[in-house]
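A.B. asks: Below are the chains, spelled out letter by letter.
Protein chains: 4
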Amino acid sequence: MRIGMIGLGKMGGNMAERLRRGGHEVIGYDRDPSISDAGSLKELVERLDPPRAVWVMVPAGDPTRAVIEQLGELLSDGDIVVDGGNSHYKDDQRHAVELDAKGIGFVDVGVSGGVWGLEYGYALMAGGAPEHIGQLMPIFEVLKPAGEDGFVRAGGVGGGHFAKMVHNGIEYGMMQAFAEGWELLEASEAVTDIVGTFKSWRHGTVIRSWLLDLMVRALEEDPDLAELKGYAEDSGEGRWTVQAAVEHAVPLPAITAALYARFTSRQTDSPAMKMVAALRNQFGGHAVAS
Amino acid sequence: MRIGMIGLGKMGGNMAERLRRGGHEVIGYDRDPSISDAGSLKELVERLDPPRAVWVMVPAGDPTRAVIEQLGELLSDGDIVVDGGNSHYKDDQRHAVELDAKGIGFVDVGVSGGVWGLEYGYALMAGGAPEHIGQLMPIFEVLKPAGEDGFVRAGGVGGGHFAKMVHNGIEYGMMQAFAEGWELLEASEAVTDIVGTFKSWRHGTVIRSWLLDLMVRALEEDPDLAELKGYAEDSGEGRWTVQAAVEHAVPLPAITAALYARFTSRQTDSPAMKMVAALRNQFGGHAVAS
Amino acid sequence: MRIGMIGLGKMGGNMAERLRRGGHEVIGYDRDPSISDAGSLKELVERLDPPRAVWVMVPAGDPTRAVIEQLGELLSDGDIVVDGGNSHYKDDQRHAVELDAKGIGFVDVGVSGGVWGLEYGYALMAGGAPEHIGQLMPIFEVLKPAGEDGFVRAGGVGGGHFAKMVHNGIEYGMMQAFAEGWELLEASEAVTDIVGTFKSWRHGTVIRSWLLDLMVRALEEDPDLAELKGYAEDSGEGRWTVQAAVEHAVPLPAITAALYARFTSRQTDSPAMKMVAALRNQFGGHAVAS
Amino acid sequence: MRIGMIGLGKMGGNMAERLRRGGHEVIGYDRDPSISDAGSLKELVERLDPPRAVWVMVPAGDPTRAVIEQLGELLSDGDIVVDGGNSHYKDDQRHAVELDAKGIGFVDVGVSGGVWGLEYGYALMAGGAPEHIGQLMPIFEVLKPAGEDGFVRAGGVGGGHFAKMVHNGIEYGMMQAFAEGWELLEASEAVTDIVGTFKSWRHGTVIRSWLLDLMVRALEEDPDLAELKGYAEDSGEGRWTVQAAVEHAVPLPAITAALYARFTSRQTDSPAMKMVAALRNQFGGHAVAS
Numbered sequence: 014m015r016i017g018m019i020g021l022g023k024m025g026g027n028m029a030e031r032l033r034r035g036g037h038e039v040i041g042y043d044r045d046p047s048i049s050d051a052g053s054l055k056e057l058v059e060r061l062d063p064p065r066a067v068w069v070m071v072p073a074g075d076p077t078r079a080v081i082e083q084l085g086e087l088l089s090d091g092d093i094v095v096d097g098g099n100s101h102y103k104d105d106q107r108h109a110v111e112l113d114a115k116g117i118g119f120v121d122v123g124v125s126g127g128v129w130g131l132e133y134g135y136a137l138m139a140g141g142a143p144e145h146i147g148q149l150m151p152i153f154e155v156l157k158p159a160g161e162d163g164f165v166r167a168g169g170v171g172g173g174h175f176a177k178m179v180h181n182g183i184e185y186g187m188m189q190a191f192a193e194g195w196e197l198l199e200a201s202e203a204v205t206d207i208v209g210t211f212k213s214w215r216h217g218t219v220i221r222s223w224l225l226d227l228m229v230r231a232l233e234e235d236p237d238l239a240e241l242k243g244y245a246e247d248s249g250e251g252r253w254t255v256q257a258a259v260e261h262a263v264p265l266p267a268i269t270a271a272l273y274a275r276f277t278s279r280q281t282d283s284p285a286m287k288m289v290a291a292l293r294n295q296f297g298g299h300a301v302a303s
Numbered sequence: 014m015r016i017g018m019i020g021l022g023k024m025g026g027n028m029a030e031r032l033r034r035g036g037h038e039v040i041g042y043d044r045d046p047s048i049s050d051a052g053s054l055k056e057l058v059e060r061l062d063p064p065r066a067v068w069v070m071v072p073a074g075d076p077t078r079a080v081i082e083q084l085g086e087l088l089s090d091g092d093i094v095v096d097g098g099n100s101h102y103k104d105d106q107r108h109a110v111e112l113d114a115k116g117i118g119f120v121d122v123g124v125s126g127g128v129w130g131l132e133y134g135y136a137l138m139a140g141g142a143p144e145h146i147g148q149l150m151p152i153f154e155v156l157k158p159a160g161e162d163g164f165v166r167a168g169g170v171g172g173g174h175f176a177k178m179v180h181n182g183i184e185y186g187m188m189q190a191f192a193e194g195w196e197l198l199e200a201s202e203a204v205t206d207i208v209g210t211f212k213s214w215r216h217g218t219v220i221r222s223w224l225l226d227l228m229v230r231a232l233e234e235d236p237d238l239a240e241l242k243g244y245a246e247d248s249g250e251g252r253w254t255v256q257a258a259v260e261h262a263v264p265l266p267a268i269t270a271a272l273y274a275r276f277t278s279r280q281t282d283s284p285a286m287k288m289v290a291a292l293r294n295q296f297g298g299h300a301v302a303s
Numbered sequence: 014m015r016i017g018m019i020g021l022g023k024m025g026g027n028m029a030e031r032l033r034r035g036g037h038e039v040i041g042y043d044r045d046p047s048i049s050d051a052g053s054l055k056e057l058v059e060r061l062d063p064p065r066a067v068w069v070m071v072p073a074g075d076p077t078r079a080v081i082e083q084l085g086e087l088l089s090d091g092d093i094v095v096d097g098g099n100s101h102y103k104d105d106q107r108h109a110v111e112l113d114a115k116g117i118g119f120v121d122v123g124v125s126g127g128v129w130g131l132e133y134g135y136a137l138m139a140g141g142a143p144e145h146i147g148q149l150m151p152i153f154e155v156l157k158p159a160g161e162d163g164f165v166r167a168g169g170v171g172g173g174h175f176a177k178m179v180h181n182g183i184e185y186g187m188m189q190a191f192a193e194g195w196e197l198l199e200a201s202e203a204v205t206d207i208v209g210t211f212k213s214w215r216h217g218t219v220i221r222s223w224l225l226d227l228m229v230r231a232l233e234e235d236p237d238l239a240e241l242k243g244y245a246e247d248s249g250e251g252r253w254t255v256q257a258a259v260e261h262a263v264p265l266p267a268i269t270a271a272l273y274a275r276f277t278s279r280q281t282d283s284p285a286m287k288m289v290a291a292l293r294n295q296f297g298g299h300a301v302a303s
Numbered sequence: 014m015r016i017g018m019i020g021l022g023k024m025g026g027n028m029a030e031r032l033r034r035g036g037h038e039v040i041g042y043d044r045d046p047s048i049s050d051a052g053s054l055k056e057l058v059e060r061l062d063p064p065r066a067v068w069v070m071v072p073a074g075d076p077t078r079a080v081i082e083q084l085g086e087l088l089s090d091g092d093i094v095v096d097g098g099n100s101h102y103k104d105d106q107r108h109a110v111e112l113d114a115k116g117i118g119f120v121d122v123g124v125s126g127g128v129w130g131l132e133y134g135y136a137l138m139a140g141g142a143p144e145h146i147g148q149l150m151p152i153f154e155v156l157k158p159a160g161e162d163g164f165v166r167a168g169g170v171g172g173g174h175f176a177k178m179v180h181n182g183i184e185y186g187m188m189q190a191f192a193e194g195w196e197l198l199e200a201s202e203a204v205t206d207i208v209g210t211f212k213s214w215r216h217g218t219v220i221r222s223w224l225l226d227l228m229v230r231a232l233e234e235d236p237d238l239a240e241l242k243g244y245a246e247d248s249g250e251g252r253w254t255v256q257a258a259v260e261h262a263v264p265l266p267a268i269t270a271a272l273y274a275r276f277t278s279r280q281t282d283s284p285a286m287k288m289v290a291a292l293r294n295q296f297g298g299h300a301v302a303s
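Residue numbers (our numbering), protein chains in the order written: chain A, 14 to 303; chain B, 14 to 303; chain C, 14 to 303; chain D, 14 to 303.
It is possible that some hints are incorrect.
List time: in silico PhoX-like cross-link candidates among lysine-lysine, alpha-carbon distance up to 20 Å [claimed, not checked]:
hint, chain 1, residue 1, chain 2, residue 2
1, D, K115, D, K55
2, B, K103, B, K55
3, C, K115, C, K55
4, A, K115, A, K55
5, C, K55, A, K103
6, B, K103, D, K115
Pulled from the structure, derived: some chain A residues nowhere near chain B, Cβ distances all over 10 Å [said to hold, decoys possible]:
hint, residue
7, D75
8, R78
9, D162
10, A167
11, E196
12, L224
13, R252
What the hints contain is simulated information worked out from the structure, not anything from laboratory work. Beta carbons are placed, not taken as given, at the ideal position from N, Cα and C, and that holds for glycine.
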């Protein structure tokens, strides 16, 4: 089928390519005219036949909100908007209501796969009405990895991004667990072949996983990660996972620990630890570093 | 080759079986005479030819210490003891010194694989002198999974159990991350097909892993885990991981969170939360439950 | 001066009483007519002389929002509304804008002191314009404890409740620290006089504090807290503290641990620990409790 | 009474001074001859009359062990050794057994008070046999703060240091809670008078405490703590608290968070966060800092 793809960056561009390889016709739009097929959103919409499907793959927050608002003006009854970015599930619910007032359908899709997705497929978690998702199945079939899994209709509108948010929360926790284990091995003298130990774990252990495979790749390139700084961004879903948990009174100690470790990694100095140092100095005359 | 196996429980029994299927001759000893090949440790040792190899697969702590002490009396210069149980790495270092005084070699091996190891092989992390490990390679080759990985000489004596300890620490953190994510999905209404979401994650996602596969198996058997209680033992390595980290001043917030969640799961009531309730009542007149 | 007080519960009632003892005239309104001075909000407003001051002391969220909306209809240019409840600081900012459109001032005040405030005074953290706060100083002077401290203009609108929110977050962390220490003493045999130990800490130690005094009171009444259940509510500010921290990328590991411990205390069973038990059973054949 | 004091540093020197001001005769020994009263431990012992009392106030671990071993040689049946340093409670139990074989008593005393103790007294937590503690009461009476509290016989040998260890664990958690709250205030714009807010909290609030008073002192000297680095040592008791908790299966999430924050504060870069950065780069092509 024919589909519009808005946002042709690292994710959107590769997804458009995978769709084309799979036999679909993709009309892409990007703010960068050198990679855009259409000169404007309006032109993109005109080049699609009703009922139209438009996949939005732009940064979450204001950029996504702006694009969806414009699409609400350009599209018509029976068309469908897909938000494949990393939007918050509460934004989805607002967008669906706005579009629904004009008869336009809305589906939110959490997409996992990163730079490996073009080749191996993208895991897709979709939220929306069954009939909207049904119309898009030919698209999902090509984007997803081969085989039985890799696609789910997780729930109604917002369910796709909620599932992706939790996926990313779990990912934070898993990465932190591996990272902590590695740090402990580095700190001790007991294990002398750390890279070999990680490699060996890839078979037969309880912790075998794709993240472990990636750790081995990283360690083979740079065995002590000496080229890297211990500085990690967070992309939004980790924060949202913790905030959703607090809203629902669900304790998430390990995932929250992972999020906080990233916050700390980005501080050049810890204000809290300044206060601890100040207090130790006040009551004990302990030396402070300055 | 011929090897003695002491302890024929769930792990030792299956490992003996895998060794036999792989062409080795195993003489087993167990306190339970109905499954033991030899009537005593002494008889087991006599039925092996020097240089002998004896694999100890009994519970960590006193049982392992007692068996290794007895073996120190029964074995001779050039023999090797393998501790394949879940011993603490500092115990290994003591045992190696004691046995070395008699010319007996010592190798510690961390073993992962659980009930799946008989069929798929056991991941092995070994610690000890290269010559001792070299002598045992035919044994390791059969126990480990097919293919390149699944065995490592992690380091000198203690290195095998240290690596296994960290492996288990990482395992705690990963399990906790998955468990937290599942709890959040259960607490929210946003995702209606939770089992399907976990199934879909098995392909193309960042969190694909053996633990995820096992979660899907568990959820297919009992979609809300309604048959289970939220009660989890800890086997020792989790505690040792945290204690080793504290010794080395390494922060392990996610792994520690996982350990503490298990501690809490085993309390019928939380003493700390009694005190919090008492304090809230003292200062705010807040109602307490009793 | 004359002031209206809306909400005459445990907090509002005692505050009205303290104001009267301090020489102010308080006209109280409560939904419960048996304790209300005025028959309606309208009557309460009519019995005040412009420029009027009305202190709102009702539960945060919808009840506070509803009262402030009504007051917006009843009051006039130059009057002032004080929100002394536990509102979220973002609500304050909305309320101030709404009232300001009608020339009505708004001040938010975080109040600490609980059941002890009537006698010892209430600690007050105020947010708002200096001129509004200046008008209310006679009121604040009577409510606050004697002496130099106990009142602050923390910042502009919202600053009072933000300060109170952080106060409560700190309170969560302190209570959790004391509660954890007490649990460890109870779990060990090393200290046989636990109540005596807490009592002794009240002088000369680093941890001497009002919370410690309250612990001693609680332990003197019930030395093992045997009459209590380990069940603790959370009042909102703890959650908001964590959510504000996540928004600002500030790591709050100890305060968050305290919040999560309360969440856990209210679960009859831990879903996450069910999953951990299920996974242990899947890979290790470990027994599960059911 | 007459007592020997070994170790005349910041703590021991001030305690000797407070004892003298209280009417006791103190013979001090220090490795630094310029502040030592006696030329050797032997001379110190000879200048005391049996039954002798010797207070050891030297760094925990090897220094304390060495001094107590020497005292075991020099003292006689009926004498008493007091360990007032920060020893581990398991060391106490070993020392008591060794000395008891020679008829020498042993009492462990946890001491709190820091640089303020000379003036205000030292909080004392003692462990040992009632008769040994009884003999020392004149000493304790002078060292402790005036009034009812500030001294406890917490339990048998080891109980004093165990109580002090838990005291310090609680102290870690409280300091962390305050430090986190301060960091959040600094990160937000909502509160503009942060120092004033802390000052105001000293009266009427739930969190009023000596640590809060010290924070105010620190903030009055340096309102943003700009002169300090966020770097905090840990003195041993924090680690021991966590290790004792792990041994007893007691969850201490807030206290452990405080300990880990100190570990992190001393790292120039976080190895774990390097690994997280490496993994993000592997799966997502996310930029890394180097």
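A.B. asks: Holds or violated: C/K115 and C/K55, Cα atoms, limit 20 Å.
C.D. replies: Given that 20 Å is the threshold and the Cα spacing comes to 17 Å, the pair holds.
A.B. asks: Holds or violated: D/K115 with D/K55, Cα cutoff 20 Å?
C.D. replies: holds (17 Å)
A.B. asks: Report holds if the minimum CB distance from A/E196 to chain B is greater than 10 Å, and violated otherwise.
C.D. replies: Its Cβ does come within 10 Å of chain B, the nearest being 5 Å, so this is violated.
A.B. asks: Mind checking the alpha carbons of B/K103 and B/K55 for me, to see if they're no more than 20 Å apart?
C.D. replies: At roughly 27 Å apart (the allowed maximum being 20 Å), B/K55 and B/K103 break the hint.
A.B. asks: Could you grab the alpha-carbon distance between A/K115 and A/K55 and see if it respects the 20 Å cut-off?
C.D. replies: Holds, at about 17 Å.
A.B. asks: Does A/R252 really sit off the interface, with its C-beta more than 10 Å from all C-beta atoms of chain B?
C.D. replies: At roughly 14 Å from the nearest Cβ of chain B, A/R252 sits farther out than 10 Å, so the non-interface label holds.
A.B. asks: Minimum C-beta separation from A/A167 to chain B exceeding 10 Å: can you confirm that?
C.D. replies: violated (5 Å)
A.B. asks: Confirm or reject the statement that A/D162 sits farther than 10 Å, beta carbon to beta carbon, from all of chain B.
C.D. replies: violated (4 Å)
A.B. asks: Say whether it holds or is violated: A/L224 keeps its Cβ farther than 10 Å from all Cβ of chain B.
C.D. replies: Non-interface label fails for A/L224: nearest chain B Cβ at 7 Å, not farther than 10 Å.
A.B. asks: Minimum C-beta separation from A/D75 to chain B exceeding 10 Å: can you confirm that?
C.D. replies: holds (23 Å)
A.B. asks: Can you confirm whether the C-alpha distance between B/K103 and D/K115 stays at or below 20 Å?
C.D. replies: Violated: B/K103 and D/K115 sit about 32 Å apart, past 20 Å.
A.B. asks: Hinted pair, alpha-carbon criterion (20 Å max): C/K55, A/K103. Please report holds or violated.
C.D. replies: Given that 20 Å is the threshold and the Cα spacing comes to 38 Å, the pair is violated.
Consistency with the previously given hints fails for numbers 2, 5, 6, 9, 10, 11 and 12, ordered from lowest to highest.
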